[in-house]
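Novice: What follows is each chain in one-letter form.
There are 2 protein chains.
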Amino acid sequence: MPVLVMKFGGTSVANLDRIRRVAKRIGVEVAKGYDVIVIVSAMSGRTNELVGWVNEIAPLYDAREYDSVVSSGENVTAGLMALTLQQMDVPARSWQGWQVPLRTNSAHSAARIEEIPTDNINAKFAEGMRVAVVAGFQGVSPEGRITTLGRGGSDTTAVAFAAAFEAERCDIYTDVDGVYTTDPRIASKARKMDRIAFEEMLELSSLGAKVLQTRSVELAMRYNVKLRVLSSFEEPSDDAGTLVCAEEEIMESNVVSGIAYSRDEAKMTLISVADRPGIAAAIFGPLSEAGVNVDMIVQNISEDGRTDMTFSCPTEQVKRAEKALQDAAERGEINYHDLVADTDVAKVSAVGIGMRSQSGVAAQMFRTLRDEGVNIKVISTSEIKISVLIDRKYMELAVHALHDAFGLDKAA
Amino acid sequence: MPVLVMKFGGTSVANLDRIRRVAKRIGVEVAKGYDVIVIVSAMSGRTNELVGWVNEIAPLYDAREYDSVVSSGENVTAGLMALTLQQMDVPARSWQGWQVPLRTNSAHSAARIEEIPTDNINAKFAEGMRVAVVAGFQGVSPEGRITTLGRGGSDTTAVAFAAAFEAERCDIYTDVDGVYTTDPRIASKARKMDRIAFEEMLELSSLGAKVLQTRSVELAMRYNVKLRVLSSFEEPSDDAGTLVCAEEEIMESNVVSGIAYSRDEAKMTLISVADRPGIAAAIFGPLSEAGVNVDMIVQNISEDGRTDMTFSCPTEQVKRAEKALQDAAERGEINYHDLVADTDVAKVSAVGIGMRSQSGVAAQMFRTLRDEGVNIKVISTSEIKISVLIDRKYMELAVHALHDAFGLDKAA
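Residue numbers (UniProt numbering), protein chains in the order written: chain Y, 1 to 412; chain W, 1 to 412.
Hints are not guaranteed to be accurate.
What the hints assert, rightly or not - Lysine to aspartate or glutamate pairs mimicking DMTMM-like chemistry, simulated, CA-CA at most 20 angstroms apart: (1) Y/124 with W/62; (2) W/210 with W/194; (3) W/124 with Y/62; (4) Y/192 with Y/238; (5) W/323 with W/303; (6) Y/319 with Y/289; (7) W/24 with Y/238; (8) Y/24 with Y/175; (9) Y/192 with Y/404; (10) W/226 with W/29; (11) Y/124 with W/143; (12) Y/393 with Y/264; (13) W/24 with Y/62; (14) W/323 with W/342; (15) W/226 with W/249; (16) Y/24 with W/62; (17) W/124 with Y/143; (18) Y/32 with Y/175; (19) W/226 with W/238; (20) W/393 with W/183; (21) W/189 with W/372; (22) W/319 with W/344; (23) Y/24 with W/344; (24) Y/393 with Y/177.
Unchecked claim - Covered, in the sense of this in silico footprint (three residues per stretch, anywhere, with C-beta under 8 angstroms from a C-beta of chain W), are these stretches of chain Y: (25) 47-56; (26) 61-70; (27) 77-89; (28) 93-107.
It is worth saying that the hints were derived from the structure and are not from the lab. Even for Gly, the Cβ is constructed at its ideal location relative to N, Cα and C.
Generate coordinates for the entire structure from the input sequences, incorporating the hints supplied.
Specialist: Put into structure tokens, the structure is as follows:
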């Protein structure tokens, strides 16, 4: 029988009523003839509670114990979901990560999936079981300890199962009904997309759209897993939600597909750095070693052999970045006058695979922001996206203006 | 290094403050030079919440899923305890049941322990780890599924580890400071015992004293594990609590060591049963098959070939007993006029290994109850205990009177 993977997030399984509702949804797919693999998150709030306890006990915790504690919420949901399905006469059982076993490396709290053997679950499908309920977010290390895949890791679990079992599709049920051209809470004209290319989804995810974990999109792209994002709170139909798929499966598309934003970016400026060959390596090497995710970089024009260097990184990494640069200065590797962190900024991005073949997108973006009086602090581009760092107070204005300018309220 | 097993119940680890307090207690034993195996329960209330959810979803639940769900609470405590110990610079790590692995049979929700390999944990002790924190109450079946040992099963986990690791002692920390001659909530003159024999503790546990799970005492007796029951809420000393040990290690003892009671017993009477050879087997066979735990049995004098048969069983099994007997009657295996259940009764028992060598204990018990005007409905005896079923309203009175009559307020 064809296999379907369905993933339900924390709000979709927040209590027993919602678990029953989700179970009915699963029953519909079983009735259509699918063998179903269900990936569940912890009931909403549970993981935060567990994480809170761990942080209260040990701010610098042993990640192996952290993983063992925080993975427990998913086990509860998996068992309750299997029981609910059985109660509806749907043959089901639960699997914890180590029972599959979903093998990962030993990078606790951010583990990478290495292997998902299919024999255990397929043997049960062959015996007549119709639904395998798998606890998301967790796996087991070569040392036999529980690992977790990072926050939002259940999305990645779902895609990995879809790839391993060659599923027809991987449906990600969440609390929004699909992927929008921008955040509907900011722009009421935001429009749900029927389809979006993997590459675009990947950019949108990493730029702040919180619909899917970035790694899950990477994985779906690599294994060509058809991903569908849809709401667990609406009556489902066959064309519900947004299909994330290969570019070739999208007939027409706008040049720009979506506008993303992030408030979690900070602008850091190193003032008066000695400008010499290798200075960029001397600055960004230590930052990389300290685990700082530098996004945008701008080097000012040099004057008298000195220059200002500006970069952006997640707000939560500002302290770490400051320490890494101070340490580098103490070791004599770099030399600067001052380091200024500005956290009152936001990043706004336009994303679209159409940019590859159409020029003038950047120019239109800059013109639109200029017309609104928004000053651009830093710019970065990739093949299919343009991002700008602006004052945070202009963020909503910029999102509105760009959404209109690129005609995103109208279907392609 | 000598091994000590310490077990902490749900109220002892109810929140992070209590977990810290318990961790300090563990640190004291580590400082004395012990390698410590700590068995933890779920934080109090957690297991009941999980059990409640399972029952709400599926009153006739799949015990394999039940076990998978309800075992999660212990995993959380184990991880939090390991983190707390690490924070105090005590080298520690947690183990879930399947990681040890604590192997059980496949009797889900009431599994029996089959094997506890010591190599994994001993290897870590050899590397310098000082505390192994083990999630209590759980194990893994031959099929690789999670099993649980029944309510109170963490006591049994603790004793099994003490046996497997040949521990010097197994300390059971709970919310009472030892084993009493009777329940101090009923008789203020109740006295804490310094020592009690395994056989006596076994009778007291199975007769309703809720200090230790009965199976844990059986196991301690079989492997001669020294068990100590003590409070986690008091400053510990070397002679704190009550030591449960072999009879030979107790110098002097009262003839009767303790008075136990249970309100959870019902009296069932089959009225006018045909009295023929094999009738007892015809009645108690079906009850046994239905899982009814029959305790006391009385057969009245036969008249005109018919008799009344009275027995007691746990109150919660009354419905099951009625159904088993009705089914047997429908199959024509037995024939009775009526079946009357009386749940307004209580069982009061006197226990003591001294009874073996001293006669007249039963007579003194009956005389004491007669003097108080308490009517005895059913009697049962074993080598070291006498139990009577009486009207529930006389229960406290009977406990008081017997406690006085056997001089239990005075040390032996």
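Novice: If you check each hint against the structure, which ones fail?
Specialist: 5, 7, 18, 23 and 24
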